[in-house]
Structure formats: C-alpha cells, structure tokens
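Novice: First to last, the protein sequences are chains V, P and A.
Per the working numbering, the first sequence starts with residue 175, numbered consecutively.
Per the working numbering, the second sequence starts with residue 6, numbered consecutively.
Per the working numbering, the third sequence starts with residue 85, numbered consecutively.
Calculated from the structure, these hints are not laboratory results.
These numbers come from a predicted model, not from an experiment.
Do not rely on the hints blindly, as some may be mistaken.
What the hints assert, rightly or not - If you want a taste of the chain A side facing chain V, the calculated C-beta under 7 Å gives, among others:
#1 K261
#2 P265
#3 D266
#4 Y273
#5 G294
#6 E315
#7 K318
Said to hold, decoys possible - What follows is a set of in silico ranges between Cβ atoms, one per label pair, in the way DEER data are often shown:
#8 A374/V to H238/P: 38 to 46 Å
#9 I110/P to F326/V: 36 to 44 Å
#10 V405/A to G170/P: 47 to 55 Å
#11 I115/P to L285/V: 57 to 65 Å
C-beta: ideal position from N, C-alpha, C; glycine also.
Take a look at the letters that make up each chain.
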Amino acid sequence: MLHNIALILGTTLMYSTPLIYTALGGVISENSGVVNIGLEGMMVVGAFAGAAVGYFTGNPWIAFMAAGIAGGLFGLLHAIACVTFHADQIVSGIAINFLGPGISLFLSRILFDGATMTRSIDLNNKMPRILNSIFPNENILIEKGYEGTRLFFMNFMNLFLGNRYATVYMAFILVFIVWFVLYKTKLGLRIRAVGEHPKAADTLGVNVAKTRYLAVITSGVFSGFGGAAMSLAIVSNFRPTLISGHGFIALAAMIFGKWKPQGALLACLLFGSAQGLTVFLGQFDFNVSSSILSMLPYILTLVILISFVGKSVAPAADGIPYKK
Amino acid sequence: MIKKFLKLFSNNVFLFTVISIFLGLFIGAIILLAAGFNPLQAYGVMLQGIFGKPKYLSYVIIRSTPLILTGLSIAFAFRTGLFNIGAEGQYIIGSTVAVVVGYFIHLPAILHIPLVIICALIASGFWGGITGFFKARFGVNEVISTIMLNWVALYLQNFLIYTPGFQKPGGEVSYAIQPTASITFLDKWKRSEEGIAWLLDHPFWRDLFKTPINWGFLIAIAVAVLVWFILKHTTLGYRLRAVGFNLYAAEYGGINVKKNMVISMTIAGALSGLAGALQVMGVSHQISLLAAMEGYGFDGIAVSLIGNSTPIGCVFSGLLFGGLKYGGPKMQPAMGAPSEIINIVIGIIVFFIAIPQVIRLILEFGKRKKAEKV
Amino acid sequence: MLNKKVVVLLCIAVLVVAGCSQAKKEAAIKVAMVTDVGGVNDQSFNQSAWEGLQRAEKEIDIKASYLESTQDADYKPNMETLFDAGNELIWGIGFKMADVLSELATMNTEQKYAGIDCFFEAPTPNLVGVLFREQEPSYLVGYIAGKMTKTNKVGFVGGMDFFVIHKFHYGFLAGVKEGNPDCEVLVQYADSFTDAAKGKAIANQMYKNGADIIFHAAGGVGDGVIEAAKEQNKYAIGVDKDQNSLAPDNVITSAMKRVDNAIYNLTKTLVEGTFPGGTNVVYGLKEGGVGIAPTSYKHVSAEILEEVKGLEAKIIAGEIVPPTSSEEWEAMQ
C-alpha cells in the first residue's frame with residue numbers, strides 16, 4: 175500500500191512540474207498587472223525549442239536555456255503589445271496561442287525533413303535524474319544487500335523520487351525564488367506595486383513600463399521552461415499534441431493559488447495528485463467507465479475550489495494597460 | 006446604404022481590423038516567401054478555394070456558423086466583464102443534448118426542431134450558468150471553472166456515446182438524429198432518386214447541394230441581431246453592460262450583480278450550446294468519440310476579439326475565420342505549403358488587432374509623408 | 085482617403101492573382117488522401133498512409149497529395165476539395181470517415197474512393213474499404229512478450245477504449261497466453277491519445293507491479309510508455325510503425341500495421357486497372373498488411389523468431405484465429 179502511495183506521489187511530481195513552471199510564469203506576469211493567457215502558446219514554443227536544441231546539441235542545459243529564450247521571445251512580443259502599445263492583453267495572449275504552435279510546427283517541418291515530430295533524444299542527453307544514484311531500483315538494492323525495512327524504505331524512495339529529473343527539483347527551487355523575489359526584495363515590491371497601483375508606483379519613481387517588460391519576459395521564460403520540462407524530461411521528443419491544454423491548466427492553477435507562487439504550487443500539486451489517483455484507480459477493474467474516471471481531476475479541482483478556496487482577487491491593475 | 010457603408014468604413018475599429026487582416030496576410034506572405042513558396046500563388050489557391058465555386062462559399066458559411074455563435078457567446082460574456090473560456094464545453098453539451106433529443110424523440114419536424122433547439126439551449130445554458138453560479142455564490146473565478154468544465158464536458162460526451170441504445174453498432178459514434186430534427190436544406194429530397202435525377206440536370210444546384218447547406222447560418226444571423234438588440238435596447242442588456250463596465254458602480258446603482266453574472270453566463274452558455282446543436286442538426290447529425298477538443302470554443306475567442314466583441318462584428322469575423330480555416334489548408338495539396346501558415350496568419354491578424362496604436366502610427370506616418378510631398 | 089485606395093488596390097491585386105493562378109494540370113494520375121484529426125505527422129497510421137502514397141509517387145506514375153483535417157466536420161469538405169482537384173482516387177484515413185465516404189461514393193458515382201479502417205456494408209462499385217487484422221501482429225508480439233518475460237507479468241496500455249484498439253488488446257492477450265500460459269497481463273486504458281505523462285505514469289505503475297514488458301496501442305500516450313521503459317531499463321513493444329528508433333535498447337519489437345503497403349498496393353491496382361471497387365479488402369499477415377518489426381532480431385532470440393514464423397504460417401493457414409473483441413476472447417477460454 176505504502177508503495178502505491180509512493181507511486182502516486184511520484185506521478186504527482188511528474189505531472190505537476192511543467193504546470194508549476196508555467197503557473198509561476200503566470201504569477202509573475204499578472205502580479206505586474208499584465209494578463210498572460212498566452213501561456214499555452216509559450217509552452218508549445220518552449221517544448222519545441224527544448225526538444226530541437228536538445229536533439230542537435232545533446233546538452234540538456236543548453237536545450238533548457240534555449241526553451242527559456244524561445245519562450246522569452248514570445249514574452250517580449252506580448253510585452254511589446256501590452257506595455258508599449260497598450261494592447262488588449264487577452265487579445266494579444268490569444269494571438270500568441272495561435273502563433274506559438276504555428277511557428278513551432280513550421281520550424282519543425284524545416285528542421286526535421288517535413289516532420290512535426292522531433293527525433294528522440296538519448297536518455298543520457300536528457301536532464302539528469304539526480305537522485306537515482308541515491309535511490310536505485312529494487313534489483314540494484316538487493317544486489318547491494320539491502321533487506322527488510324531498509325529495503326522497503328529505499329524502495330519507497332525510489333518510487334517516489336527515483337527517475338525524477340532535475341527539472342522537478344528546480345521547479346520547487348524556482349517557487350521559492352519567485353516567492354522570495356516577490357515578497358522580500360525591492361524588485362518584487364516594484365512588480366507588485368505596478369500591478370496594484372501603477373500610477374502611485376509611477377509617482378514614486380518606479381518605471382512601470384520597464385518593470386512590466388521584465389515581468390512579462392520572465393513569464394515567457396518560465397513558460398518555455400514548462401514546455402521543456404515536458405519535452406526534455408517527461409518524454410524526449412516534441413509532437414504537436416504534446417502540450418494540449420497544459421497552459422490553460424497552469425493558468426487555472428495560478429488563479430486557484432490566488433496569484434501567489436506558493437498557492438500556484440499547491441494548486442499544481444493538487445492537480446497532479448488527482449491525475450496520479452486517476453492512474454492508480456485505473457489499474458483496478460471497476461465497473462466504472464474510464465471516461466468518468468478521467469473527469470476526476472477536473473471535478474476534484476472544482477469541488478476543492480468551492481469548499482475551501484473560494485474567492486480569489488486578482489491584482490488591482492491586472493489586465494489594465496497603463497498610460498501615463 | 007452607401008453612406009452607411011462609408012460611415013462604417015471610416016469607423017476606426019473597422020478600418021483597423023481590415024488593415025490588421027492585410028498586415029497578417031502580408032507578413033504571412035513574407036514567411037511563405039522565406040520558406041520558398043510563392044505567396045501570391047498560395048493566396049491565389051486560398052481565394053480560389055473560398056470563392057471559386059458556389060459549393061466552396063457554402064462550405065465557408067457552414068464552417069463559420071458555429072464560430073459566429075461561439076464568438077457571440079464569448080462576446081456576450083465579455084460585455085458583462087466575464088471571460089468565457091468555456092464555450093468549448095458548452096458547445097459539446099449543446100451538441101450532445103441535440104443528438105439525444107434528436108434521436109430518441111419522434112415528432113413531426115415542426116415540433117421536433119424547436120424542441121431539440123430548446124433542450125440544447127436549456128442544457129448548455131445550465132452548463133454555462135454553473136460557472137456564473139460558482140462565481141456569484143463562491144467567488145470561483147470563471148476562468149478556472151470553465152477550463153475544468155470543458156474537460157468534464159468532453160469526457161461526458163465520450164461516456165454517453167457508449168450508452169447502450171445510443172451507440173451506433175460498429176462505430177464510435179452515436180446514432181444519427183431523426184430526419185425530422187434535421188435542418189439541412191432538402192436533406193431527404195437530395196438523396197432521393199428524383200432529387201438525384203433533377204440535380205444531374207442542374208449543375209449549379211447540384212454543386213451547392215453537395216454541401217450540407219442548412220438553416221444554421223440564418224439562425225446564427227438572427228441570433229446575432231437578437232443579441233445586439235438585447236445588449237443595446239433592453240434593460241437586461243443595460244444592466245449586464247453596467248456590470249461589465251464597472252462592477253462596483255453597478256452594485257451601488259442598485260443592480261443585483263450576482264444575479265446578472267448568472268444570467269450572463271447562462272445566456273453565453275446557451276449561445277455556445279446553440280452552435281453545437283445547429284452543427285448537429287445541420288451538418289454532422291451525430292456525435293462521435295472525441296480524442297481531443299475540437300477548438301470551436303477556442304477559435305470562438307479569436308472570432309469574438311476580431312469582431313471587437315460586437316454581435317455584428319462576430320458575424321463578419323466568423324465568416325473571415327471560416328474562410329481562412331476552410332480555404333487555407335488547400336495550399337497544401339496544391340503546392341505543398343504547410344498549412345501551419347494559416348495559424349500563423351491568424352495569429353498575426355489577431356496580434357495586430359490587439360495593437361491598434363501601431364496601425365494608427367503607421368497611418369499617421371503615411372499622412373505626414375503625404376503632407377511633406379505637398 | 086489614401087488608405088482606402090490602398091485597400092481597394094490590394095483587394096483587386098489579390099483577386100487578379102487568384103484568377104490567374106490556376107495551375108496547369110499534369111498528365112500523371114492524381115491520388116490524394118484526407119488525414120483524420122491526427123494530422124499527417126502523427127507517427128501512426130496517417131503518416132504511414134502518406135509514406136505509402138509517396139512511395140507510389142516514386143515507383144509508379146502518380147501524383148500524390150494530402151489534406152489535413154482539424155475537426156471531424158472537415159472530412160467531407162476536404163474530400164470535396166480533392167474531388168474538385170481532379171484526383172482519380174481519394175483516400176480517407178480512419179474509421180470516422182466511413183459514413184462520409186459511402187455518402188460521397190453514392191453521390192459521385194464516377195469518382196473512386198477508399199477508406200482505411202473502414203468497413204462498408206454494401207460498397208458501391210467505386211468504393212473500397214480497407215481493414216487490417218491488427219489482432220494478428222498483436223498476437224505475435226504477445227507471444228514474444230510471453231516468451232521473453234522473466235517476471236511472468238506483462239502489460240498492455242490502450243489509448244481510448246474502442247474497437248480498433250480492442251483488436252490490439254485481445255490479440256495480444258491471446259498471444260501472451262500461447263507463449264506463456266502462466267503469464268499475467270495487466271491492462272489499462274489511458275482514455276487519451278495525447279497525454280504522454282499519463283502513459284508514463286501508467287507504465288511506471290505496471291513496471292512497479294512487476295511487469296517487465298509493456299505493449300502500447302496508444303499514439304502519443306505511447307511516447308510516455310516507451311520513455312518509462314527507457315528510464316527503468318525495461319522492455320516495451322511499439323505499435324503501427326517500427327518504433328525501435330524511439331528507444332533502440334528497449335523497444336524489442338513492434339506490431340506493425342502496414343497502412344503504407346495497403347495504400348501502395350491499392351494505388352497500384354488503380355494504375356493497372358484492377359481496382360477492387362465494391363469490396364472490402366482485408367489486410368492480414370497473408371497479404372503483408374501487418375507484421376512484426378524488422379528490427380525485432382536485435383532483442384528477440386532467433387529461436388523465438390523461428391517459433392513466431394511458425395505461428396505466422398498457422399495464422400495464414402487459418403489454424404489460429406486471434407480474437408478481436410472481449411466476446412471472442414471469452415469464447416476462447
């Protein structure tokens with residue numbers, strides 16, 4: 175039983191990682207007052223850039239950075255529209271959701287002989303699975319002479335943390351960093367100030383445009399990371415359907431988490447664990463249709479929202495262009 | 006008439022939209038050129054594929070009909086300050102209920118058609134209303150609940166298809182609706198022997214009737230007018246717009262904000278559901294297992310935005326969108342150009358629509374140049 | 085004022101171009117296909133179909149093209165588009181196109197149509213249904229899995245729960261049983277063809293529960309299954325195409341559905357004038373329409389492959405009939 179729990183926890187981590195990055199992107203952008211509904215498109219771009227660069231360079235870190243840069247470029251585009259030209263932020267975000275997949279698939283066809291699926295990256299060239307040497311799998315444990323409770327414990331840890339890529343741990347660190355920056359630094363104060371009261375911030379000498387640019391580009395970078403966490407860790411290639419709705423789930427998670435990094439983290443973990451539970455329950459031969467079972471994560475999210483979370487209020491100036 | 010048209014034309018929003026469309030096509034052309042395709046030929050194929058035959062135009066209209074309605078749905082919610090990402094799910098509910106009522110109930114057409122529409126409206130209105138209710142009662146942000154409900158609707162349809170007595174044997178589809186629930190023009194006649202014989206002698210009509218041309222488009226136009234009327238000329242519309250314009254002021258002014266949120270989402274849901282119902286009654290006649298979202302709701306967001314969230318704008322942008330989506334992929338078989346270009350073009354169009362300022366700058370620049378010359 | 089002129093001029097220019105752009109038709113016979121919503125690069129049957137057409141283009145004198153669908157409602161208009169382009173034969177890829185195909189075939193009696201995974205009750209003389217015996221290669225890979233498992237447990241991950249996937253599912257069960265009567269088969273459906281993470285989670289769970297070989301028939305979900313095999317150094321079995329290239333050390337074999345062969349062969353009959361209109365053509369082992377991957381020798385011992393050859397012969401001879409559904413499977417017990 176405990177091992178099943180370990181597996182559900184492991185699945186939770188795997189499922190939520192891409193969502194965490196992307197939701198953090200949403201948190202940063204919206205705290206500065208720019209709605210980013212283009213998370214999905216930015217994720218697709220990141221997933222493609224990560225997989226393509228990973229395949230050609232064989233270096234996961236360069237690939238991961240490339241994914242961030244690609245996402246960041248779309249963030250820049252969103253920022254130009256929203257900050258400099260006072261665009262309707264939802265419209266611009268929707269445009270990015272069309273442009274992201276369109277451009278990714280177009281480039282993929284050029285780079286991979288007309289295919290929209292990139293070639294698979296070798297396991298050794300993917301993100302490192304850093305805890306695998308500490309928690310190896312059962313056979314190796316037995317070889318090493320583990321037994322009894324120790325074997326049980328190590329097995330538990332292997333199912334939970336073994337085969338988890340560096341992206342998983344980095345996501346958690348990033349949550350902390352974003353939280354720290356937003357709430358404990360001057361920069362964070364500025365970001366939140368331009369999101370709540372851009373006018374007041376402006377009078378106090380904060381450069382609203384610059385701050386928002388920074389936040390929106392960062393948001394693109396994080397969403398790109400989110401996409402790469404899919405294509406460089408969960409699988410090892412990009413295909414057009416790899417990101418299907420994840421960006422919107424991340425958007426929902428950000429709102430669920432009340433526009434706070436720690437809240438978004440919890441929301442992503444909740445969603446991931448519900449998927450883990452779905453997979454766990456799916457192995458038994460219930461008399462329940464798999465379609466009904468598949469609804470579980472979505473309904474569970476709604477129920478928890480209604481019963482525990484309730485009202486969430488966006489930053490006051492979220493979605494409103496600032497004109498001097 | 007001409008005066009009115011000119012007025013419309015000089016209207017900034019309309020002009021900007023047209024310029025955005027051309028800019029989108031222009032940048033798309035550059036991308037095509039860079040990829041080694043002749044953009045003029047590509048767009049030629051596309052336009053030919055849209056306007057080349059009565060049949061093609063008919064398909065554009067058929068393709069546009071659901072988009073106009075989901076666009077209207079999103080525009081309607083926008084006017085009340087709500088962002089309805091749930092059009093996709095509401096569409097699914099509408100189409101599912103339409104097939105259930107259209108298949109299981111036997112009535113003469115004159116009763117059957119309205120009954121199917123009404124049931125679909127009620128169910129999808131309820132589905133949309135849930136979101137409004139959650140927001141009003143529990144403060145749940147409509148963006149989250151609609152995203153979640155989209156997936157629930159998708160799985161619900163997949164579940165219902167397997168209901169015994171509803172699934173057509175040998176396929177992952179439901180039974181088709183009764184002919185009495187169909188709104189396809191002369192559906193029965195054009196398949197009958199005399200129909201086929203008559204059509205053989207009349208190539209124009211034969212061409213046109215090859216498509217499932219139906220009443221849906223006219224209904225969509227009528228609904229657009231109705232929505233325009235509700236928003237502009239009724240107290241309900243006034244209240245809804247007041248809530249969208251300034252929530253607190255509306256509340257202060259004695260408007261029941263919560264009630265209006267529920268009403269707005271219910272109507273928005275019903276509009277998307279109508280899209281699903283008309284699609285079933287006029288085009289598909291059945292529902293099938295869905296492996297992924299079909300995108301009627303997400304495209305609807307773009308339609309509503311291109312149409313500046315006005316009912317009439319949605320009709321035109323729906324047609325534009327339908328044309329691009331129908332004609333665009335024809336580039337592929339004709340010249341091997343990847344159809345992703347169409348998504349890029351749409352993205353660029355929407356992007357420019359987001360930034361009217363840039364276009365204003367370009368126009369002003371043009372004017373200045375002209376002034377310099379003189 | 086200026087702007088208006090520019091707009092009008094542009095409109096005219098575009099229309100003129102449209103008028104002039106009718107390309108000259110080539111002499112070769114044109115054959116085209118409509119993909120389902122998976123698109124032409126789905127690494128599965130759409131792609132396989134397109135490869136078949138491309139091969140036909142190279143080897144026999146035809147001109148091939150395709151049109152992608154993004155919604156179920158696109159199938160009919162896409163077929164019409166290809167009809168207008170003057171194609172001799174139009175392919176529909178996927179069982180969802182069956183109704184549209186038979187409707188169009190009745191309406192356009194001069195136009196030839198064919199559908200992959202489509203069965204027609206009473207096909208008109210211009211219509212051909214193409215079906216595959218997916219259960220046959222599934223049976224063979226099941227046998228291999230049964231022979232090669234060290235834990236006496238193997239797994240099957242299905243995409244969505246419907247009849248095409250059931251053929252893989254029950255064929256596999258029967259094959260495993262033939263190879264190893266004591267072997268247990270874990271079965272789980274992902275209810276998706278896209279959610280790779282879910283595929284990986286399901287595969288992790290199966291490996292944890294003791295399975296050491298997993299067969300998937302789940303499209304993009306299968307990417308996750310194969311990834312899990314890679315990470316844990318276990319075995320996986322691919323589907324539709326030879327998927328060994330996705331994980332050369334882990335994908336021991338694949339249940340191939342040679343949509344490409346079927347398309348190529350039928351297109352050839354068109355050129356040769358022996359188009360089997362009015363029938364449903366079934367591709368099994370006998371017709372070379374299905375089979376196990378050519379890379380199987382890398383992991384599967386020659387001895388087992390020899391036995392598989394024997395089974396193949398028996399299936400072709402009709403001595404073994406792998407089940408296609410839960411009813412047939414239960415009837416065998």
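Novice: Look at each hint and say if it fits the structure.
Specialist: Each hint, compared with the structure:
| no. | hint | in the structure |
| --- | --- | --- |
| 1 | K261 | violated, 18 Å |
| 2 | P265 | violated, 21 Å |
| 3 | D266 | violated, 20 Å |
| 4 | Y273 | holds, 5 Å |
| 5 | G294 | violated, 10 Å |
| 6 | E315 | holds, 5 Å |
| 7 | K318 | violated, 10 Å |
| 8 | A374/V to H238/P: 38 to 46 Å | holds, 40 Å |
| 9 | I110/P to F326/V: 36 to 44 Å | violated, 60 Å |
| 10 | V405/A to G170/P: 47 to 55 Å | violated, 30 Å |
| 11 | I115/P to L285/V: 57 to 65 Å | holds, 58 Å |
Of the hints listed earlier, those the structure fails to meet are numbers 1, 2, 3, 5, 7, 9 and 10, in rising order.
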